[in-house]
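K.L.:
From first to last, the protein sequence lines are chains A and B.
Using this note's numbering, read the first sequence as starting at 1 and increasing by one per residue.
Using this note's numbering, read the second sequence as starting at 1 and increasing by one per residue.
Please note that a few of the clues may not be correct.
Computed, partial: chain A to chain B, Cβ under 8 Å [unchecked claim]:
hint : residue
1    : A54
2    : I57
3    : K62
4    : T197
5    : E200
6    : G205
7    : Y251
8    : L257
9    : L263
Calculated from the structure, these hints are not laboratory results.
This one's a predicted model, so the numbers in the text were calculated from it and none came from an experiment.
Note that beta-carbon positions come from the ideal geometry of N, C-alpha and C, so glycine has one too.
There are 2 protein chains.
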Amino acid sequence: MLLCITEEQGNMILVTNDDGIIAPGIKALVEVARQFDEVLVVAPDSPQSGQGHAITINHPIKLRKVNVFEGIDAYECTGTPVDCVKLAKNVLLKGRQIDLCVSGINHGSNASINIIYSGTMSAAMEASLEGIDSIGFSLLDYSFEADFSGAKAYASKIIRAVLDKKLPHCKLLNVNIPSVPADEIQGIRVCRQGEGTWVEEFQEGTDPRGEKYYWLTGKFVSHDQTEDNDIAALKNNYVSVVPSGHDLTRYPAIPELKYLENL
Amino acid sequence: MLLCITEEQGNMILVTNDDGIIAPGIKALVEVARQFDEVLVVAPDSPQSGQGHAITINHPIKLRKVNVFEGIDAYECTGTPVDCVKLAKNVLLKGRQIDLCVSGINHGSNASINIIYSGTMSAAMEASLEGIDSIGFSLLDYSFEADFSGAKAYASKIIRAVLDKKLPHCKLLNVNIPSVPADEIQGIRVCRQGEGTWVEEFQEGTDPRGEKYYWLTGKFVSHDQTEDNDIAALKNNYVSVVPSGHDLTRYPAIPELKYLENL
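All chains, please: the whole structure from these sequences, using the hints.
P.N.:
Printed below as a string of structure tokens:
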């Protein structure tokens with residue numbers, strides 16, 4: 001009887017990412033998530049960084065069961081990170097509650113405006129739009145050889161807290177972890193999204209057929225002079241947690257723009 | 001001398017979309033924008049609905065000058081809507097000020113949470129991230145045979161007002177236009193983003209090679225019982241204008257989540 005209750009009350013944790021199902025970051029996140037309960041992995045079959053909230057509507061997508069994480073049900077998907085969450089919810093777990101969606105651990109920062117471009121965060125946001133508690137994790141290290149030990153330790157603490165206390169009002173957390181050894185991480189800062197911009201340029205070249213091409217390159221620059229934001233927290237070796245959401249309304253601008261109603 | 005001053009003070013309006021450069025909606029928007037001053041069009045060479053804020057980082061993209069709009073410089077791009085804005089700013093108009101970016105007129109609604117998935121709105125948001133006043137326009141009609149007369153009339157009024165008064169604080173407007181004859185539009189409502197969700201399912205099928213596929217389909221359902229939101233405005237045949245932005249922080253949740261700092 002106890003076993004039965006435990007099973008019914010067990011948590012279903014959906015794990016996804018945007019770096020693809022064989023990235024070290026998702027392996028690290030699965031190792032953390034599986035400590036808590038049942039895990040399902042649905043992740044892209046190829047790297048999808050910078051996919052933002054893209055969804056596939058003009059052509060079909062495919063799912064393939066893969067044996068990547070021992071003892072864990074895992075599927076690779078030909079679509080985007082957001083497609084992975086939609087497929088998990090509507091096909092693989094149809095009718096079953098998802099208690100938590102975790103996305104990542106991303107290889108590279110999703111602090112500041114990077115949340116907008118991030119497939120990792122968009123996958124988590126997609127789950128949050130469905131009322132599912134969701135967390136995106138990112139480590140500030142692009143390398144596939146990155147040390148995930150600090151990230152895993154903090155992901156474990158945060159997942160445990162969220163499973164325990166839930167996210168009653170804000171369904172989405174953007175968690176970024178500094179790229180330093182675990183014992184140099186100073187703790188957690190709950191803060192706002194910092195202001196910054198990408199100073200970009202396009203590398204121009206000529207392809208083998210003689211056609212000109214452009215390839216995006218750039219550097220992130222912080223504009224934020226305050227201390228209560230994610231960029232500042234990370235700079236000081238704190239893990240940043242930004243409660244995030246999908247309502248893009250700028251409320252203070254509504255009265256300022258009411259004059260448009262008289263056009 | 002007067003001519004010279006006029007030229008120096010002339011506005012540069014960047015026009016883009018996500019339905020592709022030959023969609024009727026962008027033609028309607030170019031016809032409106034060219035009334036005001038110089039126009040540059042950079043738009044995808046194929047439909048890119050649902051691309052969200054996707055950018056192309058893993059491969060190069062191409063630009064091709066096309067003669068689609070008589071007397072207007074226009075380029076088609078192999079990338080996403082956001083790529084189009086980045087290329088316009090960093091390559092085609094490098095060093096020149098863009099006074100306004102208009103995106104659309106989208107074929108279909110971008111009200112409520114559709115702003116998150118929309119390539120049209122993401123292109124406009126990309127420009128707003130660069131401090132450029134930006135407006136995304138959408139008509140609630142998916143058809144390529146849609147009647148754009150009402151949409152053009154209101155786009156013209158709103159563009160004139162924004163060029164005149166600028167958008168000093170909020171750099172991004174999400175404008176949706178009901179799909180009714182121009183004389184049935186009741187006016188403009190400046191409001192917030194409504195709450196809603198997509199009730200989705202995947203059409204399952206088998207491809208010619210015997211592999212199972214999934215194709216996204218769904219229906220938008222409003223959850224919002226209030227009247228001050230874009231869905232309600234559109235239902236009452238008003239044009240909705242939602243001042244929007246890129247800061248996804250849920251500020252009221254910061255104190256609620258401070259307990260995470262003690263983990």
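K.L.:
Is the interface hint for A:G205 satisfied, with its Cβ closer than 8 Å to some Cβ of chain B?
P.N.:
holds, 7 Å
K.L.:
So, A:K62 near chain B? Judge it on the closest CB pair being under 8 Å.
P.N.:
holds, 5 Å
K.L.:
Could you check if A:E200 really has its C-beta closer than 8 Å to a C-beta on chain B?
P.N.:
Holds, about 6 Å.
K.L.:
Holds or violated: the hint that A:Y251 contacts chain B, with Cβ atoms closer than 8 Å.
P.N.:
OK, holds: A:Y251 within 8 Å of chain B, min 7 Å.
K.L.:
Holds or violated: is there a CB of chain B closer than 8 Å to the CB of A:L263?
P.N.:
With a closest approach of 4 Å, the A:L263 hint holds.
K.L.:
Can you verify the interface hint for A:L257: is its Cβ closer than 8 Å to any Cβ in chain B?
P.N.:
holds, 5 Å
K.L.:
Hint check: is the beta carbon of A:I57 less than 8 Å from a beta carbon of chain B?
P.N.:
Since chain B brings a Cβ to about 5 Å from A:I57, closer than 8 Å, the hint holds.
K.L.:
Taking 8 Å as the limit, does the beta-carbon of A:A54 come near enough to a beta-carbon in chain B?
P.N.:
holds, 4 Å
K.L.:
At a threshold of 8 Å, is the proposed contact between A:T197 and chain B supported by beta-carbon distances?
P.N.:
holds, 7 Å
Hint check: no violations occur; every hint is consistent with the structure.
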